[in-house]
Amino acid sequence: MKVDQLSIFLENRAGRLAEVTRILSEADVNIRALSLADTSDFGILRLIVSDFDKAKDNLKAGGFTVGRTTVVAVEVPDKPGGLHKILDMLRDAKVNVEYMYAFVNQSSTNAVIIFRFDRTDQAIELLQKNGITMVPGEKLYKM
Amino acid sequence: MIFDVENETLPREDLQKLQLRRLQDLVARVYENVPFYRKKLDERGVKPAHIQQLSDVTLLPFTEKQDLRNHYPFGLFAVSRENIVRIHSSSGTTGKATVVGYTRRDIRTWAKLCARSLAAAGAHSGDFVHNAYGYGLFTGGLGVHYGAEELGATVIPVSGGATRRQAMLLRDFGATVLTCTPSYALHLFEAAKEMGIDFRELPLRIGIHGAEPWTESMRNEIENKLGITAIDIYGLSEIMGPGVAIECAKVKKGLHIQEDHFLPEIIDSETGEQLPTGEKGELVMTTLTKEGIPLLRYRTRDISRLNTAPCRCGRTTARMERVTGRSDDMLIIRGVNVFPSQIETILLDTEGLTPHYQLIVTRAGNLDNMEVRVEVDENVFSDQVKNLQRLESKIEKNIKEFLGVTAKCKLVEPKGIERSEGKAKRIIDMRKD
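Sequence lines, in order, name chains A and B.
Residue 1 is where the first sequence starts when you use our numbering, and the numbers rise one by one after that.
Residue 1 is where the second sequence starts when you use our numbering, and the numbers rise one by one after that.
Only chain B is shown next, with the shape it has when bound in the complex (with noise of 0.2 Å):
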């Protein structure tokens, strides 16, 4: 089904026009009220008059995740303080998250998009939405809540964890849709079914997962051993949370992207040329209608490619290929974003412990496990086993505290670190499908 028909397949011209509209008008936005925007603008001479075509987008500036960091944390804003109803923050160590936030049209916008994705991935009203992302400053819970809603479906917040109790309530109220990361899918259903629950006997019909990168093999684990249709949801909090793009479940190729709202390029990450449609690149967003913190071409660091092929569904927007790297060194561990330049901070904020460590992460079963490995120096070294397995629990909680991921710490010897050509090599992601 398509929730917004108007807008979901507008021609492509008439797309392009309202577009462009819309982008002339926010950068006229930020220039007025950004000092960040304005300051980058007068820079490279760019008024707003000169956005004259899409094309003109290339003139704009790039938004590095790091900028809203500087402007940690409301610096980017481009409403004042009373406009904001809603804030949202992704992990970080104190003064480094980045923090979002949005106004009532920004909300009903984003209510709308999850309406919309929900409803590509086949739910309609009457649903029953079992909603596994969590709550919080995260925008997986909240953002997919207010889109059942819109939708007319009947939503249940249950939210992360308590894996056993979420297998009960699903198959007690017996729900039709199911939105959480596709890990942590798989490891509902392995807890299910050592409860003696089949999922394939539910009435439970649809998966919508995203969060975190998976692969078409991992759909069809997911579908297979659930018994549903598993759909690939994308979004990030800085552009708008879940909703930014969604297959449709008549075709699965591809996400759509939310093009009214969303303007999408794609870049060679490292000279920052914007690419031809089709060529695989960084993904880079602009926020066209977005009111709290409107964004000119955010640097997303995934890496994609964009096909404007009209879709059987019906549906005219542009579809990004699955997400299938970061130009980054980002990690995605059980849907929290990590950096390890993040647990750097935390080793050193720890008894200053020296930042020769790594991370190594695997799948077990179908969860992430982080295992950070920390060289233990004459500084931290005692004789005694309880003050090292104090330093150990020590950092997985504070680990645990400021970035929302469990991981587990384990002392190595000096120079324990694998190093190549004299660099250490930081991080081994062992996950593999």
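Chain A on its own, in the form it takes in the complex (with noise of 0.2 Å):
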């Protein structure tokens, strides 16, 4: 259920982030998903991409620190309440989320959201336990 997030360490000044897609475009990996956390002079680059290990070495030959988390994907119905409920037993549970962000998905009816857990496996076991469900990173890759 784990899926694979490559996280990219970024200056903050202009172009740095038209080099990373360059060099993912000419690498010819797709960006799933992404979220960008920033402060005032660095800031972390978030992707989820159709060949992990194709964009980090990419990546890194092209001189970026880069790093691999384990994050999940988990499908919300999507309608009002959809994401409360889900928050809602991971709260009950005390487990934390450290940051989330959406992933866009044109086929479905329901919403695709990634979350980064402080306990990933705790966070697994407890939203299979509840029925929710969660796509599994070789399948997201190729969404």
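Derived by calculation from the structure, the hints in this document are not laboratory data.
Hints may contain errors.
A few chain B residues that face chain A, going by a derived Cβ cut-off under 8 Å, partial list only [what the hints assert, rightly or not]:
| id | residue |
| --- | --- |
| 1 | Phe381 |
| 2 | Asp383 |
| 3 | Gln384 |
| 4 | Glu413 |
Quick caveat: nothing in here was measured; it's all calculated off a predicted structure.
Using N, Cα and C, we set each Cβ at its ideal position, and we do this for glycine too.
Got two chains here, each in a separate frame; can you build the complex from them with the hints?
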């Protein structure tokens, strides 16, 4: 149920983001989902990509510091209260969400949201027990 | 005013006789009591009896800052521990600090030399001395403090920090003399101005500034803004502390070295050769009378030149030109000595960071700012902002703790640090007047 997310350290200056997309484009890697966390002087770009290893190798060769993080892709009913129900059960289990972002999904009635939990394994177990659908990495990369 | 007319105006011939006598005594003392020097002198085949004239000083070995570190903490002391009444130390990472010790007589001498310095700057008994040099291990605060008391002035031991309160006290107590780093004088002026205090309307008359390099244009700025006479004072803890040399208010052209206690030389910092008087080079000092930790030919790394021409103020002592640079990579940040190698050690000790860093020093307004840029590698990288920010504050905290200087840490991408000819450019000093 785990998904590999690629994190990239970026200095907060013009052209750095474009440099990442240039490298990925030249390597023929597709970006499936992304989020950018930023401070006044640096940013962390988080990506779900079609080919993790290829993206990682090419970015490293391009001089970027990259990391691998395990995240979870959760299917959330695309209706009022859909996300709330999931967050509610996580709160009750005292699982903390470090950050989350939406996955662009054109073909389904459910939204897919990427979660970074403080305790990933416990979160997966909890969601499974409650019948929440998670999208495995292999499927997600090709969506 | 000349505080010690007899010793400050000795005919040079008599001064040199006194220096030679003291140098001979010094070499005998360190040969007897400091194994480090005995070994060095034996290696050169030099015995104390070989010192027959002042120029024989070149027979003696140099002492480097590293020698003090290698003998950390008390290894170069020339007297037993019970005879040391005070310890001072320069900042440094653990085990890397330079530690100096003073006997009762050293403290007395230091007080007298600081009193001479204050007098040369135009201060006298009855003056109110607002002493904003830091008190503590740093020699600045206590050095000036004892000197002001020796002079018979009233000292206000305000130390560093709490600038708005300082401005208030300066006004309320009616200080006539301000002692602090030159950059802090301007910082204090700005803070006071914001509080509606105009320095020019206060009784403040004299500023005595040192512990960091400054320029003639900075002097003009201080004098104009604060409405005072600004005087340059020189010193370093290894030699004694503040008061090793001082400008006279009358002429303000070069700093009078207290030559009856310190023997100055100028050397070529590459070859170590002594240079003729008047030539520019590295200042080297021998402590003629110090008992606690006497040093032979200590390499200050400060670039200056000497002038032995008589001064209109009446003093006969040699004058050193305002220090114009360093022969090593030491930085002075708000009066604190910082070596890039110390920053490197701190980074390596902080979660095994790569030693890829760069120091950017700027002067914003009147205060020095240091930014430490550190390359982020995979070992420390995290997908979470809070972890990287924690790393930044940890580095800042460690620098503050070990070096006593405030720095801003900025994480950068690998290779984000400019390299020239493959070699990383470690320091960018943008402080310019």
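How the hints compare with the structure:
1. Phe381: 5 Å, holds
2. Asp383: Given a least distance of 4 Å, the restraint on B/Asp383 holds.
3. Gln384: 6 Å, holds
4. Glu413: Status holds, d = 5 Å.
When held up to the earlier numbered hints, the structure conflicts with none and fits them all.
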